[in-house]
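Undergrad: Following the hints, complete the assembly by docking chain B onto the known chain A.
The chain contents come next:
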Amino acid sequence: MDNLSSLSYFVPELFLSAAILIIIIVDLLLKEERKIWTGFLSAAALIISTFLIFQQYRLSASEIFHGMLVVDSMAVLIKLIIAVSTTVIILFSLPFIKTKSEYYMLLLITTLGMFLMAGVNDILMIILAMELVGLMSYVLAGFTKRNLLSNEGSLKYILYAATSTGVMAFGFSYLYGMTGQTNLFKIQQALLANPPQQAAFFIVMILILAGLGYKIAMVPFHFWLPDVYEGAPTPITAFLSVGPKAAGIAVLIRFFTTVVSHSAPGAALSFLQNLQVHIPMLLAVLAVLTMTLGNVVALRQTNIKRLMAYSSIAHAGYMIMAMVVFNAQGYQAILFYLIVYLFMNFGAFWVIIIMTQKLGSEEIDAFKGLGYRAPYTAVSMAIFLFSLTGLPPLAGFIGKFYLFSAVVKADWYVLALLGVLNSVISLYYYANIVREMFLRTTETQVDIPVSLYDKVLLTLMLVPTVLFGIYWNPVLRLTEISFNILR
Amino acid sequence: MGLLSLVTFIPVFGALIVLLIPRQNEKAVKIVSAVITFIPFVLATYMWGQFNYTMSGINNEAQFQFVQHFKWIPAYNIEYFIGVDGLSFPMVWLTTLLSFLAIIASWNINKAVKGYFALFLLLETGMLGVFVSLDFFLFYIFWEVMLLPMYFLIGIWGGPRREYAAIKFFLYTLLGSVLMLIVMLALYFNVKDPVTGGHTFNMLHMMNQSNHSGWLLGVDVRLWLYILLFIGFAIKVPIFPFHTWLPDAHVEAPTAISVILAGILLKMGTYGLFRISYPIFPDVAVKTSYMLAVLGVINILYGAFVAMAQKDLKKMVAYSSVSHMGFVLLGMSTFTDAGMNGALFQMFSHGMITAMLFLLVGVIYDRAHHREIAGFGGLAVKMPIFAGVATLAFFAALGLPGMTGFIAEVMVFIGTFSVYRTLTILAVLGIIVTASYILWTVQRVFLGKLNPKYENISEISGRELFTLVPLGILVILFGIYPIPILNLFRASMTHLINLIP
Chain A
1 MDNLSSLSYF VPELFLSAAI LIIIIVDLLL KEERKIWTGF LSAAALIIST FLIFQQYRLS
61 ASEIFHGMLV VDSMAVLIKL IIAVSTTVII LFSLPFIKTK SEYYMLLLIT TLGMFLMAGV
121 NDILMIILAM ELVGLMSYVL AGFTKRNLLS NEGSLKYILY AATSTGVMAF GFSYLYGMTG
181 QTNLFKIQQA LLANPPQQAA FFIVMILILA GLGYKIAMVP FHFWLPDVYE GAPTPITAFL
241 SVGPKAAGIA VLIRFFTTVV SHSAPGAALS FLQNLQVHIP MLLAVLAVLT MTLGNVVALR
301 QTNIKRLMAY SSIAHAGYMI MAMVVFNAQG YQAILFYLIV YLFMNFGAFW VIIIMTQKLG
361 SEEIDAFKGL GYRAPYTAVS MAIFLFSLTG LPPLAGFIGK FYLFSAVVKA DWYVLALLGV
421 LNSVISLYYY ANIVREMFLR TTETQVDIPV SLYDKVLLTL MLVPTVLFGI YWNPVLRLTE
481 ISFNILR
Chain B
1 MGLLSLVTFI PVFGALIVLL IPRQNEKAVK IVSAVITFIP FVLATYMWGQ FNYTMSGINN
61 EAQFQFVQHF KWIPAYNIEY FIGVDGLSFP MVWLTTLLSF LAIIASWNIN KAVKGYFALF
121 LLLETGMLGV FVSLDFFLFY IFWEVMLLPM YFLIGIWGGP RREYAAIKFF LYTLLGSVLM
181 LIVMLALYFN VKDPVTGGHT FNMLHMMNQS NHSGWLLGVD VRLWLYILLF IGFAIKVPIF
241 PFHTWLPDAH VEAPTAISVI LAGILLKMGT YGLFRISYPI FPDVAVKTSY MLAVLGVINI
301 LYGAFVAMAQ KDLKKMVAYS SVSHMGFVLL GMSTFTDAGM NGALFQMFSH GMITAMLFLL
361 VGVIYDRAHH REIAGFGGLA VKMPIFAGVA TLAFFAALGL PGMTGFIAEV MVFIGTFSVY
421 RTLTILAVLG IIVTASYILW TVQRVFLGKL NPKYENISEI SGRELFTLVP LGILVILFGI
481 YPIPILNLFR ASMTHLINLI P
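Line by line, the protein sequences are chains A and B. Following our numbering, the numbering of the first sequence begins with 1 at its first residue and continues without gaps. Following our numbering, the numbering of the second sequence begins with 1 at its first residue and continues without gaps.
Hints listed in this document are in silico derivations from the structure and should not be mistaken for laboratory results. One thing to keep in mind: the hints can contain errors.
In silico BS3-like cross-links for lysine-lysine, where the CA-CA straight-line distance does not exceed 30 Å [stated by the list, open to error]: (1) A:35 - A:358; (2) A:305 - B:168; (3) A:156 - A:100; (4) A:98 - A:358; (5) B:311 - B:453; (6) B:287 - A:409; (7) A:358 - A:305; (8) B:111 - B:453; (9) B:71 - A:409; (10) B:168 - B:111; (11) A:455 - A:100; (12) A:455 - A:358; (13) A:35 - A:100; (14) A:145 - A:305; (15) A:409 - B:192; (16) B:27 - A:368; (17) A:358 - A:100; (18) A:156 - A:145; (19) A:455 - B:111; (20) A:368 - B:111; (21) B:168 - A:368; (22) A:305 - A:156; (23) A:305 - A:100; (24) B:111 - A:358; (25) A:455 - A:305; (26) A:98 - A:305; (27) B:453 - B:382.
Because the structure is a prediction, the values reported are computed rather than measured.
Chain A with its partners taken away, still in its complex shape:
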């Protein structure tokens, strides 16, 4: 599709770009104490673009901008998840960031980058979109200028990202050399027509996985994550744990469904088996390493943000696990999981945001006796944590249930077994926070006041976490219609 007719498929992104420019201008006109309006405007812009994205479900799946991007229902769903997650993050930030409008603009630009990542279809576009997201994220991670930890995190983030993106770009150059194409579909056809040299293709895979794996914090490319999570302002930590991860997973799925496996019946297997290195097995090993490392290291954390960092590594591991099966069911399970993960993870982070503020500490010990000092908040936190563990009747269980069922269906029993054992390990550190909140009490039980705004946001996260654990048919339908992937 040529550039001009592509524009009608690009409405949400265009709208968001326009909104960013307008907000920059509005920012110039506002006085210091009114700057918070840019936050409100950003939230409004995102909500409108959410509706615009919804409209895109009606479009037929197609390549736009000469094949640089695609618009299919998976891209739409990922964009929806991203838009909702950024909206929530802006709502989380409003009480704390009132004078710095550049914060909201950076968030919006990152969101634009993630929208692009959701639909990338060209290796150049992959690099461009990931860099756009990355550059803004470095700034956001280091947003608290005077905080040493924040600076450290940001610097590590840049160095790590630069290296791994460079490695990935190098891998892309090999891929281009082998096929002479940059468009993923054309690469696929070229690979099918001329099966690549085994060793070279394997090196390409590893190099590219380094770049994509860094984005979703797959072991062994996860080292940046705990420091960044600990140093970044907590709303940004929450932001990094869902939006960019969803976008990264979208790129990964796209890459796998085109370059690694093939959609035609029968062809998928032969395509995969062309390689001497069993890519699913490689991924399975990486998935197990990722979740095990995340869970085991999380056991020993005393800082709650670091704990959530390792927990998010573990959750990335669960999602990679479902990728191993290379079929629609696995991908749908991942999409489903992203949706429930958004709510439960943001819920937990929201409690962390408001409580670390009020308690003045990020240590887990500080949560001691919270169940008696701020009961509603603490009970919600317990629900979020148990949902992250994957206990029924909460949404997290249903999410994990689908991940495991995709794995079991494809007869990866050992992988599924290692996955569920990891869930058991994760219970220990999540329950550790619950223990501090409920099983222990402080000397003086002073009630902690929680404002109405905090409670409303908390409830907004809590309702889906509980509801999708009891009745999740609509979400399931949504992920089903969202996998008419173009390939």
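TA: Using the frame of chain A, we list chain B on its own:
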């Protein structure tokens, strides 16, 4: 809404009501909870009146009673499918009874009262749900729903080592249930619904071997799945190498929660074996039955010897549960009429007896604030009524004729003797050990000279008697005339035995 759904979900709605009561009004919370747990008991008793003794259930939906069956998540063939048969109904009734009594026994809870009773009511729904579910997914949900309230009930209201005990219980049982999750998924993808041809979580379809896929009929596969499922249930029972969570959890839990743990939760393991493992993998069950019998005997002897060595009264009772659950395993490993019915009867009987024992330990602990067996002595002088009830319960536990424990054990032995002669003889030795530790305990606690420390100990109160007497009456009543209970089992058990080759 069906009667069975009402029984199952009234407690959880009650929990919501309890949460709405103002925090200061502790009395109201307790009374409301008592009323709410009493309603399912009344309904369950009414259902007993309506119960059709000739319907067998097990693997035939038409033979189940009080069935409710409709789609829940159509996109994944998950159904809301509940019903009772002779296997589950006695446990449902017992659960409602013990829950009510446990609420009464919780009257002296004074820390975070609202939370305690709300969690307790949630727990009751979880337990009832496990016994009535006929859809594996639903079963799993209820099975896990029990864990959360239990963790808090032990962890917040328990004894000094409550944190350790609570997390240990939680981790152990979660480990068991995630193994079950794998089996559940494997079954789901390899059993087809005979009507629609799709996958299904319906347990009754899973029991029909002709619905199994070729993969699922493989010998190794079946054995592995059976073992995973078995570990899941064995942790709950608990069977010998998996029992270490039990003494901690039982000792640290508050009295009423120990009652529920020992009275109901332990039964879920063996219930799961009866309801799921046996009918779905009958061939493997037969092949591994000798192992199960050996594990049963180990449980009986190991539990009894360890109980004898205990200095703490509650720990002694906890280990006696391990020992008594061994009889259930031994009985169910025989596939004989007497053995299987005996096993089920032992589940029912032990639920009542062990509940009494834990209640009695609670009574004494509330007064003396310790549980050292050696620290008492001659309590019968000051607390004659208490001593009388306690002696009754202890004698019931050692299997004195005229009480339910005796009937159950005799039936188990009759069933086992023809099948595993040596094992039966070993198990009978267990009875002697049981008798010795129980008599020794009775002697040290109640008989002899009064320990001067307890000159002023007060007699058992009316409320405490109220929790004990109904159980005492039932233990004697069904010990003399067990037919009403055995009639409940009969049709289902006969059918189950016929299913097993």
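Undergrad: With the threshold set at 30 Å, check whether the alpha-carbon distance from residue 111 (chain B) to residue 453 (chain B) stays at or below it.
TA: 28 Å, holds
Undergrad: Please work out if residue 98 (chain A) and residue 305 (chain A) have their alpha carbons no farther apart than 30 Å.
TA: 23 Å, holds
Undergrad: Given the hint that residue 455 (chain A) pairs with residue 111 (chain B), test it: the Cα-Cα distance must not exceed 30 Å.
TA: 26 Å, holds
Undergrad: Straight-line Cα separation of residue 358 (chain A) and residue 100 (chain A) no greater than 30 Å?
TA: Measuring from Cα to Cα gives roughly 22 Å; hence the hint holds.
Undergrad: Quick one, are residue 168 (chain B) and residue 111 (chain B) close enough, alpha carbons at most 30 Å?
TA: Holds, at about 23 Å.
Undergrad: Starting from residue 35 (chain A), check that the Cα of residue 358 (chain A) is at most 30 Å away, please.
TA: 24 Å, holds
Undergrad: Is it true that the CA of residue 71 (chain B) sits at most 30 Å from the CA of residue 409 (chain A)?
TA: 22 Å, holds
Undergrad: Within 30 Å, alpha carbon to alpha carbon, are residue 287 (chain B) and residue 409 (chain A)?
TA: 27 Å, holds
Undergrad: Starting from residue 305 (chain A), check that the Cα of residue 156 (chain A) is at most 30 Å away, please.
TA: 17 Å, holds
Undergrad: For a C-alpha distance cap of 30 Å, please report whether residue 98 (chain A) and residue 358 (chain A) respect it.
TA: Holds. Residue 98 (chain A) to residue 358 (chain A) sits at ~18 Å (cutoff 30 Å).
Undergrad: Tell me if the straight-line CA distance from residue 168 (chain B) to residue 368 (chain A) falls inside 30 Å.
TA: Judged against 30 Å, a Cα distance of about 20 Å means the pair holds.
Undergrad: Is the Cα-Cα distance between residue 455 (chain A) and residue 100 (chain A) 30 Å or less?
TA: 25 Å, holds
When held up to the earlier numbered hints, the structure conflicts with none and fits them all.
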